Amino acid sequence: MHFTAEQIASLIQGKVEGDPQASVSKVAKIEDASTGDLSFVANPKYEEYLYKSNASIIIVNDSLNIESSVKATLIKVKDAYSSFALLLERYNDLISNGHRSGIDSTASVSESAKIGADVYVGAFAYIGDNAHIAEGAQIYPGCVIGDNAQVGTKSKVYSGVRIYNDCIIGDNVIIHSGTVIGSDGFGFAPQKDGSYKKIPQIGNVIVEDNVEIGANCTIDRATMGSTRIKKGVKLDNLIQIAHNVEIGENTVIAAQTGISGSTKIGRNCVIGGQVGIVGHITIADYTSINAQSGLAKSVNTPKTALTGSPAYDYKSSLKSQAIFRNLPEIQQRLISLEKTVEELSALLSEKNISDKK
Amino acid sequence: MHFTAEQIASLIQGKVEGDPQASVSKVAKIEDASTGDLSFVANPKYEEYLYKSNASIIIVNDSLNIESSVKATLIKVKDAYSSFALLLERYNDLISNGHRSGIDSTASVSESAKIGADVYVGAFAYIGDNAHIAEGAQIYPGCVIGDNAQVGTKSKVYSGVRIYNDCIIGDNVIIHSGTVIGSDGFGFAPQKDGSYKKIPQIGNVIVEDNVEIGANCTIDRATMGSTRIKKGVKLDNLIQIAHNVEIGENTVIAAQTGISGSTKIGRNCVIGGQVGIVGHITIADYTSINAQSGLAKSVNTPKTALTGSPAYDYKSSLKSQAIFRNLPEIQQRLISLEKTVEELSALLSEKNISDKK
Amino acid sequence: MHFTAEQIASLIQGKVEGDPQASVSKVAKIEDASTGDLSFVANPKYEEYLYKSNASIIIVNDSLNIESSVKATLIKVKDAYSSFALLLERYNDLISNGHRSGIDSTASVSESAKIGADVYVGAFAYIGDNAHIAEGAQIYPGCVIGDNAQVGTKSKVYSGVRIYNDCIIGDNVIIHSGTVIGSDGFGFAPQKDGSYKKIPQIGNVIVEDNVEIGANCTIDRATMGSTRIKKGVKLDNLIQIAHNVEIGENTVIAAQTGISGSTKIGRNCVIGGQVGIVGHITIADYTSINAQSGLAKSVNTPKTALTGSPAYDYKSSLKSQAIFRNLPEIQQRLISLEKTVEELSALLSEKNISDKK
Chain A
1 MHFTAEQIAS LIQGKVEGDP QASVSKVAKI EDASTGDLSF VANPKYEEYL YKSNASIIIV
61 NDSLNIESSV KATLIKVKDA YSSFALLLER YNDLISNGHR SGIDSTASVS ESAKIGADVY
121 VGAFAYIGDN AHIAEGAQIY PGCVIGDNAQ VGTKSKVYSG VRIYNDCIIG DNVIIHSGTV
181 IGSDGFGFAP QKDGSYKKIP QIGNVIVEDN VEIGANCTID RATMGSTRIK KGVKLDNLIQ
241 IAHNVEIGEN TVIAAQTGIS GSTKIGRNCV IGGQVGIVGH ITIADYTSIN AQSGLAKSVN
301 TPKTALTGSP AYDYKSSLKS QAIFRNLPEI QQRLISLEKT VEELSALLSE KNISDKK
Chain B
1 MHFTAEQIAS LIQGKVEGDP QASVSKVAKI EDASTGDLSF VANPKYEEYL YKSNASIIIV
61 NDSLNIESSV KATLIKVKDA YSSFALLLER YNDLISNGHR SGIDSTASVS ESAKIGADVY
121 VGAFAYIGDN AHIAEGAQIY PGCVIGDNAQ VGTKSKVYSG VRIYNDCIIG DNVIIHSGTV
181 IGSDGFGFAP QKDGSYKKIP QIGNVIVEDN VEIGANCTID RATMGSTRIK KGVKLDNLIQ
241 IAHNVEIGEN TVIAAQTGIS GSTKIGRNCV IGGQVGIVGH ITIADYTSIN AQSGLAKSVN
301 TPKTALTGSP AYDYKSSLKS QAIFRNLPEI QQRLISLEKT VEELSALLSE KNISDKK
Chain C
1 MHFTAEQIAS LIQGKVEGDP QASVSKVAKI EDASTGDLSF VANPKYEEYL YKSNASIIIV
61 NDSLNIESSV KATLIKVKDA YSSFALLLER YNDLISNGHR SGIDSTASVS ESAKIGADVY
121 VGAFAYIGDN AHIAEGAQIY PGCVIGDNAQ VGTKSKVYSG VRIYNDCIIG DNVIIHSGTV
181 IGSDGFGFAP QKDGSYKKIP QIGNVIVEDN VEIGANCTID RATMGSTRIK KGVKLDNLIQ
241 IAHNVEIGEN TVIAAQTGIS GSTKIGRNCV IGGQVGIVGH ITIADYTSIN AQSGLAKSVN
301 TPKTALTGSP AYDYKSSLKS QAIFRNLPEI QQRLISLEKT VEELSALLSE KNISDKK
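Residue numbers (our numbering), protein chains in the order written: chain A, 1 to 357; chain B, 1 to 357; chain C, 1 to 357.
So that you can see chain A by itself, here it is in the shape it has in the complex (with noise of 0.2 Å):
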């Protein structure tokens, strides 16, 4: 299939600028594409590929200042990210038709689960008693979905993710490969002998709609009541989420992330990979944390920025980060200050006494 940059103009609502008739027949990205590519440049440190690269359409933001001649076709579009991600989006319903319907013959599903139209339930899938799979939804092979747990409409659960007895997932949630939700909180009482013993895990997960959650992450239930992801939350890959934890709307965590158990995490905060989040403190809304930040306290006042581990404000950490690589020269500073001062003292006492005499 061919599109030309006027018909690719008119979908995303972009000016053309260079040769309305400029055809593409595949996306790239900008610092691989070539001849009858289309591509984009969002990000600023991809701006000189601009005007290196053989694509035939680049999509630009028409805030980019151009500042040499470029070969492609360009479209200019308020948010050339937004725009690419919606033409990948067409693209991909052309090309994959990812959509499954049907009961895989070797599934293994209760009697007494209920499952909706248009459902797909893939090869050695299970789904066990009283479970609910609604319309359109997506269980790929060797899922296993326990008893009483539900998955809304149209969500899409990738292949080997096992959702425990009685977590609930919502409408439109994705789930990657791997996942674990509803594993037992990790709850035990000291004994006096040394040992622990189990604190039952009653609670389970509940995810609502529109949550996209990566492989091999670990969700696990309440000790009581939920475990709770809200509305458009996105989770990255190998993320850990303990019993109790609560994560606000559109909150976006990267990879390797945990979050320690009853924690409460606002709405609209960002957090970056391998970042570690203390048990029992609520973090404010529109917070953002640094990757491989430690946090060990609460955040009162939303839209704070941080970094470090322990982690704090996010300006001063940098300033203590800078000075921590000067260490060496400052403590050779100090050191000859001391020398000087010392010194200074030596000359003083000595011209006391000279004075004196």
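Take the hints with a grain of salt, since some may be wrong.
Copies of the same chain look alike in the list, so a pair counts if it works inside one copy or between any two.
Stated by the list, open to error - Taking lysine to any residue and the SDA-like style, the derived pairs with C-alpha atoms no more than 25 Å apart in a straight line are:
| no. | residue 1 | residue 2 |
| --- | --- | --- |
| 1 | K197 | E135 |
| 2 | K264 | S195 |
| 3 | K319 | I335 |
| 4 | K297 | L318 |
| 5 | K197 | E208 |
| 6 | K351 | D32 |
| 7 | K297 | K319 |
| 8 | K339 | E329 |
| 9 | K319 | I206 |
| 10 | K192 | R90 |
| 11 | K76 | S195 |
| 12 | K319 | S298 |
| 13 | K339 | E208 |
| 14 | K339 | G36 |
| 15 | K339 | F188 |
| 16 | K339 | R267 |
| 17 | K197 | E47 |
| 18 | K78 | F3 |
| 19 | K114 | S101 |
| 20 | K319 | G279 |
| 21 | K78 | A134 |
| 22 | K114 | T340 |
| 23 | K76 | H280 |
| 24 | K78 | Q332 |
| 25 | K71 | T4 |
If you're looking for bench data, these hints aren't it; they were derived computationally from the structure. Just so you know, these numbers come straight off a predicted model, no measurement behind them.
Using the hints provided, position chains B and C relative to the given structure of chain A.
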């Protein structure tokens, strides 16, 4: 089902304060509890809820100092957390019939495997040649138990756990979904051409009795001999245990921590989340290591507390961390001191000159 | 089976010191070895065991300086570790017949899939439409190989691995249980209402020949193009590789490390455990990065060694870390210096006044 304060108190040897006929039908966390709920307060952080809660019955430590009026009927016990855990266990037994029995018709069980009485083998589970599943063990759907592997009496292996050949799981062990036991240790010999040659990993993993392992953990088999998780150890989710590691009895490790090869950890240690421990070191009994620490050296003295990356003595490390935050101020003080000293020096040398004149 | 020192030495081109007829029947680590065992010493940390060990035969580097008497018969070779690895490999071939063949009757293999000669497809494995499993490849129980995916000659895919549609695995690759290859990259465009719109991820993952990937790793598919793991790369467990990352030949990465999107890592790098690397940077060949480091900038000079979070030059970083530990003392010295300088100032100004009198 309803239970009165009197009935509950008799189960946990507690003392009722308030209405002995107050009754509850379910359990809830203190911050969520409403009329008809049983709850508890053990963590001082949650004491404030005691005075606001609508719970009908609250279990508290008898050492707790009640500072104002409480609506709920109280049951005072020595250890509220343990008592509540005991009740949850009873409750859990009542509401859920966790124990299953029988081999699912879709399971693939080798003819040479030895299956004990009252064992559950779920749908699509695979039991290899000469494997041994002991009496009462629970193998959930989609598990793979390799050739010659053993699972002990009453152990519970949740769906999608993979146990490689020759690994041994003790009695009353719980392993959560997605955990991999017995994958090859990470051992490669560098070659002259820059490539690496795999070192075969011919050992196994031994998990002793009463261990609980969280979801999506990885425990590598030994190069030779055994990687060993001793009695009563509790591992949270997403933990990495490398080849030939030994973890002592009753040691507890929080999520996302990684232990490198051949390291030996003592008994009753408490290790936080996201900790990294280098290989080939020894850690004394009762060591406690703060979250996100990086341990690069052996710990020889039992009961040592450590933090930081690299980790050292907890108290000293906290002091350095506090000063780290003040580095900008310290640098400022150093600069102003340098200036003062320079002025003094100038003054003195001037004076000396004028004195000499 | 028994082997004599003479026989073993001839296999590894070693020189016997001691009884050439000394014989062994199994292998053990030097610290565990007893009579009848073959062992080796390569790491200087373990040299002390050489003199205590009851092993019957020990392989050592011919450069090793023997400082006291050794009971065992020694076999001296250029590289004890590699020689031992070679022996383990032979031993492994003898004791285990790792290679399997045939398609299990319970496996689900698409009619359009292309299955090579001598392939093993285990129980409950799923092979999608137009997938290609090349000659001699081993697909263990419960794996999912997506539509159009490829697994190369003699590659070994352990149980429960999930390979998404269109991903390509080379020859002689080993992938351990639970690893997910080809899940969607983490890409979302922020919307005005605070929610996020998913960017379709239409690329794939290419894993080249001779790569080994540990258990429960996650390797995301590219937004466009390919996430690429080049020849001979070795990845430990629980590693996160984001979309469009490239990892150069023979680079080795320890457990729990995460690489963010579009970063390009050179060849023959050595990256420790729990390292975090930001997106969109380039790392030169032969870079070494210490465990728990956080890398935020490109590394342009090959053979650079880095540590810290944020990471910089290894040696300077260690110096700063050493001073960090001394910060309480340094603060004390600064305080005492301030006091001395204040006294000197006072003295001098007094003097000045008295001089002027």
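So which hints don't hold here, by number, going up? Of the numbered hints given earlier, those the structure breaks are 6, 9, 13, 14, 15, 16, 21, 22, 24, listed in rising order.
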